[in-house]
Amino acid sequence: MDDESKFYALLGRALIDPEFRERILDNDRQAAALAEIDINPSAEVIGELKASIEAIKSLASHEAFGPIQAVT
Amino acid sequence: MELEADPRLFSRWWDDVDRLFGALPPALFRQIKLLEYDLALRYSPTGQFHDIFSGPDHPPVLSVPSWLLSDLAIHSGTTGTETERRLFGASALLAVRVQTIEGLRDAGGFTTGDRIALVQWLSDRASGEIARVVSRDSSYWDEYEAITGEDAGRLAASADPDLVAGAGDDPEAYLVSAFTAPLRLVALAALAAVDRLEWGTRVAEMLDKVAQAYQVIGDLASMHRDLELGHVSYPAAFIARAAGIPLRPAPRTEVILGAMVVTGSVGPIMESAVDRLRSARDIAIELNLPTFAAFLSDAEAHFEGTLASWTVGRPGEGSARSAAAVRISTPTLPQALGMAEGFLLADPTFRESWETHREGMLGRSEVASRFPAGLILEILCRRGLDVRGAIDEFLDFTVANAFRYYDHPRSGVDSDTIGAFLRLRPHATESGVYDRTATAVLECLDRNVQESGAIPVWLTGCAGGEESESTVIALGEGCGTVAAHLLLGLARAPGGHEATVTIGGESLLERIGSVGLAANVNYPPLYALGTFFRALGLLAASDAHAPTGSIESARASLNDELRRVVSRRRVTAQDGALLMLACHEANREDLIDPAWVEQVLKRQRSDGSWVGEPFAAAPNRGRSVSWYSSTLLTTALCYDALARGAKPPAAVTV
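So the sequence lines, in the order shown, correspond to chains A and B.
Residue numbering for the first sequence follows my numbering, beginning at 2 and increasing consecutively.
Residue numbering for the second sequence follows my numbering, beginning at 438 and increasing consecutively.
Chain B on its own, in the form it takes in the complex (with noise of 0.2 angstroms):
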């Protein structure tokens, strides 16, 4: 028996929902772009999107109202083919609807919070397609009603951790297909269309049977990824049962894998969806749907030489190709750091992330200031990355440079420059090389504190920095985030320097307990956040350097600086990485709400990177400034947070 409607028609009314998404404003289409590539990968056999949810592997999801009506003898004429056109549109459009919830609700997925709207878009749009072909005053607007409010109760119970907790050990309780409101929607439009709604109910009976037996299937196949996720599916309540293990507190991932191979439960939970979909058969032959049972009968023959291919313990023999029962699931969290530090580590010069200018800075065509390396080489540092040699040119190229901080004989010398240098010089291959090599930048430092009282950005009277002074107009001074950053290197540096980080520690203390945030002058105020209790622990830890009454008042306006900053909403990854690393450094690690996680991970690109976000005001065409981004910044920052809370490699702790 032929399944599918008439090809060309198919075609057409794929043509007409190509249209109407091509029609979409621009922000729009993009993210339905990639929906449409989410869809075929899951749900199409050849991976072209007009393909999805053909053959049994997959609910028939486009085809119920066209089946019905052929079924049902109503295709031929204008209206019945009108009506499928319209029904065809409304499926295609809940189907993406499905999708793109779905993938809201995937932690370890890439949609986010912005496709709030699309939602709304196909939801209205659907409706739309389906008041085309139902009067308004049909009956099926009250089951309209219903099952929307069904599935809206559905979702929010979802989200709801009370409620899923009291869900009980029962798996049919865990049972919940996204497709049975978009399957009884059209069934139940189309039925209305043709004035045969009293079919209704066993319709809708039988398609929630087919919806159930392809969750089923679609649960166990990807069982591994929603326990890593902490969903309890079906077939994991049904594990569980089978093996008196209870659901609460949740069980491990590993404990329930095991109890699948020791119950052999592989074959009961598919035997269970094959069940589901005799049932559904028996109701199509009952009410006379012909292709239904047609194409339940092929799905139950299909599902059931999968089970024989792969029965747990005895392969199959002679099958020729059979599909997994459990996928077995990379973690989220390992792979993208993973694929973060092959990004970071695939260019030892970091070459994108030196703040570059090519606007004639100092009458050059090009300057660049290698400082933000420094930055991205201590985090590398930090989680125990072997990254010796680029050190090691790092602090090479500082030396030779004199500590300037652009690669030009008339720029200044910058306290940032030199922190960076104290900090990366314990791990450079051999840190006694370089013991010698600031003494005469120091001294000029210690000067430059007991004249001012505090750490300038920019020093003055430096050997060989006298022409800088005369011409160069200096940005940025009174930074206190750099005056942090030059403090974590040269409270550990040996020669003698502890007075100068007393007056630098005190004063920038006193700065923050007074004015905050506000202390930090070139910095993104979250990044500044981070580093300001970062310096403010070492500086408690050694209370030579500074008095207890100003390292409790600058704790004090961080930590109320802490409070405000994560209430608030955060919508880049750059944002969520620097508040995870702000609760790190302030030890307070309950702040951190896991949507922040989240929003790092579903922005990570194929490539294990992340776009760059500005993350300094710097100098552009000389009359100007404009946001300095690196990619490769953003993404070092993005990989130090998710590390940080990453957990140690899978190991059985029984």
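Isolated chain A (complex conformation) (with noise of 0.2 angstroms):
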């Protein structure tokens, strides 16, 4: 990929966003979700999105990934 940062922004977004996150995970939805913020899907674009999918779903899937909760 040319430009890394541009593939950082992606995976950073795909972090703090669960519907462009669930939307770059679904094989149909990926290539738009991808081409929507100006990413070419290719080959090499989708294997290295796959070699970082797990460490995206682990740290969005900590029980505390979200804002604090609180009551009084």
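FYI, nobody ran anything at the bench for these hints, they're computed from the structure.
Remember, it's a predicted structure, so these values are computed and weren't measured experimentally.
Glycine is no exception: its CB is placed at the ideal position from the N, C-alpha and C atoms.
Hints should not be assumed to be uniformly reliable.
Partner residues aside, some chain A positions facing chain B, computed with beta carbon under 8 angstroms [unchecked claim]:
hint, residue
1, F8
2, Y9
3, A10
4, L12
5, R14
6, I17
Build the complex: two chains, separate frames, hints provided.
Shown next, in the form of structure tokens:
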């Protein structure tokens, strides 16, 4: 991939935007989601994405991954 | 090993703190009550204020003096207990001080500048507690001066853009804990109280590492929010270095978070925190401080366990519950806008905003004007929200009420009501339905303007208005803001009212050119300023409506006013919002101070609203006037101001 920061931004958004994450993890909607943010869904990109998916899922699955919940 | 002090003593010390806070003047007490909750939310495992900084998840901010005195075997006897009690109080005061200052620096939080007095009180009171146990000729006070001076320097540097920009790329440069100074101050005070200041350097070194370790963990958890607010912290710098990303210009939030995933930096960052705990424990063992050593061993094991449970890509087997490595932060501005929309749309009649009179106006127990709801609907329309149903109802009522300001047959017909009708009409479900409903009142308006050469606030001679004109004292005549409101609707209305727009526009522009904001009578000056700029833009866009000279004269006058008002300090949310709106209407977004945005955001309540602020003078009890204010209207203005400055929804645009 010619611009590494583009790929970082893709993963960063996948981490903080659950709806976007769902789409890039869905084979049917993946290409459209990548195109939407101006990333060409090449085999290289898809490969790098697959290599990072587990890490994203792991981070995103932490129980407290989200705003503090408090009541009074 | 029992880490906490004797629970009975601990409880008595908390009683002292509670008494101290309870005796504060009401304004300070209210502030400190919120701080207690803030501290409990952030640092208490149970959510109770008295449990803050207990357990391995948080630095032992309140325990340092008693642990030191205990480990030095000087806790027995009255003197030791008194020293512990005083230094516990000082620790609590300094912890609250840290939270207050952190809150003041948090642009997305709710702490407002009026807490400066509290910071001063906390500083003074903490030093007072320390002075009760450390003699005035002790060399401790030299240390005290040096530590507090260094801490003040840290705060000043963090607020200085040049110094922040010059921090370089080394992650260590971004690792500064707000607890370093308080921990040192109370630890050295404990040592001074028992003549062991010679231990000070090594104890301070140990505590610095403890503070840094917890700072790393805290900064990692809050990294998303910090990045959103433009703050680079240790973890962000660590990730940037690992990924080869320069920190200047500041990288986008998503880039750092994505780089965190690719470089697998979460583990090494946590390990750097655990390493610091380990170093601190080694010093504790070297100094023979068993309570510190035990706590630090516990903390080390705790965070190693946490790390094992969420090592990136390899979730821990069978781990029960793990803390988040990085908390995802909801961006403040979109969240605030969503909350405000929820509040504004909760009641489609906007009843709370109506200017309601129950003092017996016009001989009736309740009289109301729905005009403010029209202003709110206009704002919601501009923001693209579907409020067609509410607009239909507003227009239907206005027609049925014969364009009177109040819902009473003796109320006069006014230009504000007509203006709101005309501005909202194009946004009705079927705007054509209302094409002819205003014909008679607009003909009356045309006659009024022709006769007086200006747009009146109250119309005379309209069919059905005779009773009002003979028996009612009409206030607020000659208001340029009302004229501007009307022109904004009339200039785009069908039906051949060009002459009225031209005469009214010319009159308004001349008045503004001559007296500036004094052309406004009935509205907050900042609101009038924005409205005047909006009307000016409309009139200037159609040169048939006013001569160029009048336009330029009015523009110069308004620009002078704008320059004047932006230089003044504004303290309320509505003021901040109105200033932003005026800058937008003047196409001078460059004048918008980010502090105004903060000012508005910090005052939003949990239901999405802002407290209603004075907006217009209104008759009250027949013999006087008082301020009309509305939570809905102030909220709409704050919402409008924030929405205009909001960026589009988050998207990767690389």
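Taking the hints in turn, this is what the structure says about them:
1. Contact between F8 (chain A) and chain B, as hinted, is supported at the beta carbon level, the nearest pair being about 7 angstroms apart and thus within 8 angstroms.
2. Annotation: interface hint on Y9 (chain A) holds; nearest CB of chain B at approximately 3 angstroms, less than 8 angstroms.
3. Against a cut-off of 8 angstroms between C-beta atoms, the interface hint on A10 (chain A) holds, since the closest Cβ of chain B lies about 4 angstroms away.
4. The interface hint given for L12 (chain A) is met, as the beta carbon of that residue sits about 3 angstroms from the closest beta carbon of chain B, less than 8 angstroms.
5. With a least beta-carbon distance of about 5 angstroms to chain B, the hint placing R14 (chain A) at the interface is held under the 8 angstroms criterion.
6. At about 5 angstroms, the closest approach between the beta carbon of I17 (chain A) and any beta carbon in chain B falls short of 8 angstroms, and the interface hint on this residue holds.
Checked against the numbered hints given earlier, this structure breaks none of them.
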